[in-house]
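Colleague: Based on the sequences and whatever the hints tell you, model everything.
Residue numbers for the sequence shown follow our numbering, beginning at 5 and rising by one.
A portion of the hints provided could be inaccurate.
Ranges between beta-carbon positions, derived for each pair [as the list claims (entries may be wrong)]: (1) 185 - 120: 36 to 44 Å; (2) 62 - 125: 19 to 27 Å; (3) 223 - 154: 42 to 50 Å; (4) 184 - 143: 45 to 53 Å; (5) 213 - 45: 53 to 61 Å; (6) 257 - 41: 29 to 37 Å; (7) 203 - 45: 18 to 26 Å; (8) 253 - 119: 46 to 54 Å; (9) 41 - 195: 15 to 23 Å; (10) 253 - 45: 55 to 63 Å; (11) 182 - 264: 18 to 26 Å; (12) 156 - 48: 31 to 39 Å; (13) 38 - 106: 39 to 47 Å; (14) 143 - 106: 22 to 30 Å.
I should point out that these hints are in silico values taken from the structure, not numbers from a laboratory.
Backbone N, C-alpha and C fix where the C-beta goes; we use that ideal spot for every residue, glycine too.
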Amino acid sequence: MLLRQLEYFRAVAECNGFTAASQRCHVSQSAISQQIKSLERELGCELLLRSGRHIELTPAGELALSAAREAIDRIDRMRFEIEHLADGDERELRVGYLSRYEGWEVPSAVAAFTLRHPEITVTAMPGSHEELYQRMIDDDVDLAFSDRRRELSDEFENIHLTTRYTVIEVSEANALSAHDQVSVSELADSSCILVATGETRAAERAYYRDTLNFPCPFVFANSLEEAHLMVAGNRGFLPLEVRDPNVSTGKVIRHVPLIAAEGQLVREYFAFWPKRRTNWLVREFARILGELLA
Numbered sequence: 005m006l007l008r009q010l011e012y013f014r015a016v017a018e019c020n021g022f023t024a025a026s027q028r029c030h031v032s033q034s035a036i037s038q039q040i041k042s043l044e045r046e047l048g049c050e051l052l053l054r055s056g057r058h059i060e061l062t063p064a065g066e067l068a069l070s071a072a073r074e075a076i077d078r079i080d081r082m083r084f085e086i087e088h089l090a091d092g093d094e095r096e097l098r099v100g101y102l103s104r105y106e107g108w109e110v111p112s113a114v115a116a117f118t119l120r121h122p123e124i125t126v127t128a129m130p131g132s133h134e135e136l137y138q139r140m141i142d143d144d145v146d147l148a149f150s151d152r153r154r155e156l157s158d159e160f161e162n163i164h165l166t167t168r169y170t171v172i173e174v175s176e177a178n179a180l181s182a183h184d185q186v187s188v189s190e191l192a193d194s195s196c197i198l199v200a201t202g203e204t205r206a207a208e209r210a211y212y213r214d215t216l217n218f219p220c221p222f223v224f225a226n227s228l229e230e231a232h233l234m235v236a237g238n239r240g241f242l243p244l245e246v247r248d249p250n251v252s253t254g255k256v257i258r259h260v261p262l263i264a265a266e267g268q269l270v271r272e273y274f275a276f277w278p279k280r281r282t283n284w285l286v287r288e289f290a291r292i293l294g295e296l297l298a
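Modeller: Below, the structure written as structure tokens:
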């Protein structure tokens with residue numbers, strides 16, 4: 005049994021198919037298929053049920069996936085420990101997260117990871133989308149939890165964690181609060197509050213103006229807390245993403261669904277990291293965060 009067989013099998017199971025798995029592993033679909041068939045012959049049972057492009061794990065496959073993840077993580081951890089033993093470096097995980105994301109999952113993931121691995125120092129750093137991207141390029145963070153705004157790169161691991169529904173947070177003093185839902189074109193008469201600092205403000209404004217086509221003026225907050233207070237003071241509306249589009253909100257501060265022709269707008273959130281920096285720490289944190297976001 006070869007390590008790459010386990011890696012290919014895990015990729016197929018996690019990607020729900022051979023096409024995405026081949027892209028993730030940078031090998032052909034036929035190579036992955038051959039290695040998995042070889043693994044099945046060695047184990048003497050089917051791990052996957054194949055029906056066209058659809059795959060489903062057998063009971064043996066479910067057991068094998070759990071064992072494969074554990075084995076790969078143990079080997080990754082061994083490599084990491086040996087490298088850092090030789091270098092004498094402090095063991096640290098640097099996590100970047102989107103400063104405008106409103107949710108309990110990131111601090112909870114840090115707490116869960118630290119509980120399991122108290123010997124590892126976790127440093128969490130907020131930032132805008134562009135700040136997090138640049139920090140990954142500069143090797144200033146090991147993993148970034150951020151929204152998707154550009155084409156996914158083969159140089160990065162791009163692990164989809166959750167899809168959230170877009171709303172605008174507004175004060176009842178704002179005319180938009182009277183709507184059951186609001187379209188992008190209806191935002192023109194109110195200011196959009198964006199969370200960004202310094203030089204990143206221009207990029208954040210450009211994304212909302214040119215990519216999302218927001219037709220309104222923009223004002224900036226340095227933090228999410230400040231942005232909420234600006235909403236309370238009726239300085240404008242704050243675009244946010246929520247887990248459940250049907251959750252009711254208060255009367256003084258409302259969440260109004262933001263819609264387009266195809267329905268309510270959504271935003272995809274990923275764990276990103278450069279493939280060259282992949283290690284068990286990064287995979288473990290991404291797995292924990294993914295479980296909390298599920």
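Colleague: Evaluate each hint against the coordinates.
Modeller: Hints, verified against the model:
1. 185 - 120: 36 to 44 Å: holds, 42 Å
2. 62 - 125: 19 to 27 Å: Violated, at about 41 Å.
3. 223 - 154: 42 to 50 Å: Taking Cβ atoms as reference, residue 223 and residue 154 lie about 25 Å apart, which means the hint is violated.
4. 184 - 143: 45 to 53 Å: At 47 Å between Cβs, range holds.
5. 213 - 45: 53 to 61 Å: Because 57 Å falls inside the window, the suggested range holds.
6. 257 - 41: 29 to 37 Å: Violated - the Cβ-Cβ distance for residue 257 and residue 41, about 57 Å, lies outside 29 to 37 Å.
7. 203 - 45: 18 to 26 Å: violated, 57 Å
8. 253 - 119: 46 to 54 Å: violated, 33 Å
9. 41 - 195: 15 to 23 Å: violated, 59 Å
10. 253 - 45: 55 to 63 Å: holds, 56 Å
11. 182 - 264: 18 to 26 Å: holds, 20 Å
12. 156 - 48: 31 to 39 Å: holds, 37 Å
13. 38 - 106: 39 to 47 Å: holds, 46 Å
14. 143 - 106: 22 to 30 Å: holds, 28 Å
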